[in-house]
Amino acid sequence: MSILDNLYQNVQVAFAVEQGWAAWLALLAASVGTYLCRALGVKLSGQVNQDSEFFRWLSAVTYAMVAALTIRLIFLPVGLLSTVPLYLRVLVCILAIGVMISNPNRRLVPALLTGTLLMVTIGVFK
Amino acid sequence: MSTPHLYSDPSAETTEMVKPRFYDRKDAFWSGIRDGRGAPAMVLFAGMVGFGAMGRTNGFDIWFTTATSFLMFALPGQIVMLEMILLGASSLTIALATSLTATRFVTMTATLFPLLHERDRNKKLYAKVHLLAMTAWAVSLKEFQTIEPRHRLSYFTGLGVLCWLISVPGTFIGFLIAGSVPMPITLGLIFINPLFFLLTFAEIRVNGYRLAILLGSIAGPIFYLIDRDTSLLTAGLIGGTLAYWIDRKWLRRYDQAGSA
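From first to last, the protein sequence lines are chains A and B. Take the first sequence: its position 99, counting from 1, is numbered 99 in the numbering used here, and each next residue is one higher. Take the second sequence: its position 125, counting from 1, is numbered 125 in the numbering used here, and each next residue is one higher.
For the record, the hints were derived by calculation from the structure and aren't laboratory data. Virtual Cβ for every residue (Gly too), placed ideally from N, Cα, C. Fair warning: there could be bad hints in the mix.
[To be verified] If you only want the chain A side, here are some residues facing chain B, beta carbon under 7 Å, derived:
id	residue
1	L44
2	V48
3	A67
4	I74
5	V78
6	L81
7	V90
8	L91
9	V120
[Claimed, not checked] Here are the simulated lysine-lysine pairs, DSS-like style, with alpha carbons at most 25 Å apart:
id	chain 1	residue 1	chain 2	residue 2
10	B	K26	B	K142
11	B	K124	A	K43
12	B	K124	A	K126
13	A	K43	B	K249
14	B	K26	B	K128
15	B	K26	B	K124
16	B	K123	A	K126
17	B	K124	B	K142
18	B	K123	B	K26
19	B	K128	B	K142
Modelling step: build the complete structure from the supplied sequences, incorporating the hints.
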C-alpha cells in the first residue's frame, strides 16, 4: 500500500509542480555547453589521422580520463554507495572481472549481472 | 536470419580486417540496435532511473527532469546541473560547470570519429555526435575493430539512437518510482554504471592504453582530493601523457619485438 501511495504522490507532484523559467534557462545553457564539447570533438576529429602520434596521445588521455571517472565512482562515491565498505566494493569488482575474463568473448552481460546482484545482496544484509 | 559475427582474436592486431561483418548499412544499423539492447541499455536505463529519482527528490517537475536527459544526454553533467540549480547558481556558471564535466566528449569524439570511413566524415556528424556518450563510445571502439570502415557509422548510429531514446523512459520511470524502490535495488542500480566501464577496460588489448587506464586510475583520486571540478581533466592529461610517453619510449619496442 505504501508503494502505491508513494506512486500516487509522485504522479501528483509530477504534473502539478511547474518549473520556473530560470531552471529552463539553465538547462538551455547547460545543453548548449555540453553540445559544444561534442561539436568541438567533431571539428578536432576532422584534423586527426588515426595513424598519427597525436591520435595515440589523445587516445591515451581519453582512456586515462575515463579511468579516473570510473575509479572515482567506485572508490570515492557520494551517497548510498559510500555506505558500503570499500573492501566489499573492491571484492565485488574483482569477482565481476573474474567472470568477465573467464571467457574473452561476450561475457559482459553475465559479469555485469554478477556484480549488480552481489551489490543487491550486500544491500539486503546491510 | 542470423548475422555473421567475427569476434576478434585476442592475439590478433587491432587493424586486422577480414571478411565484411555486415551486408549493408541497414544491417549494420540494426546490429547496432541489437547490441545496444544488452549491457549498454541496462547501464543507461539504470543511470537514468537514478537521475529521474533525483529530480523527484529535489522537487523538479517531470517534464524538466526528462527534458534534461533528452537534451544533455550526459549523466555526470546532468547531476551537476541539478545540484547547481538548487544552489541558485546563474545560468552562465551552470553552463561553464557542465561544459567542464563534458570535456571528455571532445577527446572521445576525436578518437572515435577518425575511425569512420572517409565518406562519412562530413557535416552530418555534427547532428549524430549528440548520440555519443561514454557507453556508446566504449562499445563502438571495441566493435569497430571487427567492422569494415564503411559500415561503422551505421552501427554507431543504431547503438547511439537506442541509448539516447532509452534515457527518456528511464528518467520518466525513475521520477515516478522515486521513494518506492527498496534500498538494495537502488544500490545495484547505482553500482551498475561504474562497473560497466570497469569491465570494458578488461577488453582493451593495446598495452599503451592499458597503461593509460592504470595511470588514470591512480591520478584520478589524487587530483580529486586536490580539486574536484577539474580532476578528470588534469588526471586525464597528466596520466595519459605519461602513459603515452612511456609507451613511446619503451613499450612499443617490446610490441614490435613480440610481433616481428
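Structure-based check of all given hints:
1. L44: At 4 Å from the nearest chain B Cβ, L44 of chain A passes the 7 Å test, so the hint holds.
2. V48: With a closest approach of 5 Å, the V48 of chain A hint holds.
3. A67: holds (3 Å)
4. I74: holds (5 Å)
5. V78: violated (10 Å)
6. L81: With Cβ-Cβ at 5 Å, under 7 Å, it holds.
7. V90: Cβ of V90 of chain A sits 11 Å from chain B, so the hint is violated.
8. L91: L91 of chain A check fails; min Cβ-Cβ to chain B is 12 Å, beyond 7 Å.
9. V120: Because about 4 Å separates V120 of chain A from the closest Cβ in chain B, which is inside the 7 Å limit, the hint holds.
10. B:K26 <-> B:K142: holds (20 Å)
11. B:K124 <-> A:K43: holds (12 Å)
12. B:K124 <-> A:K126: violated (50 Å)
13. A:K43 <-> B:K249: violated (30 Å)
14. B:K26 <-> B:K128: holds (16 Å)
15. B:K26 <-> B:K124: holds (17 Å)
16. B:K123 <-> A:K126: With a Cα-Cα distance of about 52 Å, the restraint between K123 of chain B and K126 of chain A is violated, given a limit of 25 Å.
17. B:K124 <-> B:K142: holds (23 Å)
18. B:K123 <-> B:K26: holds (21 Å)
19. B:K128 <-> B:K142: holds (19 Å)
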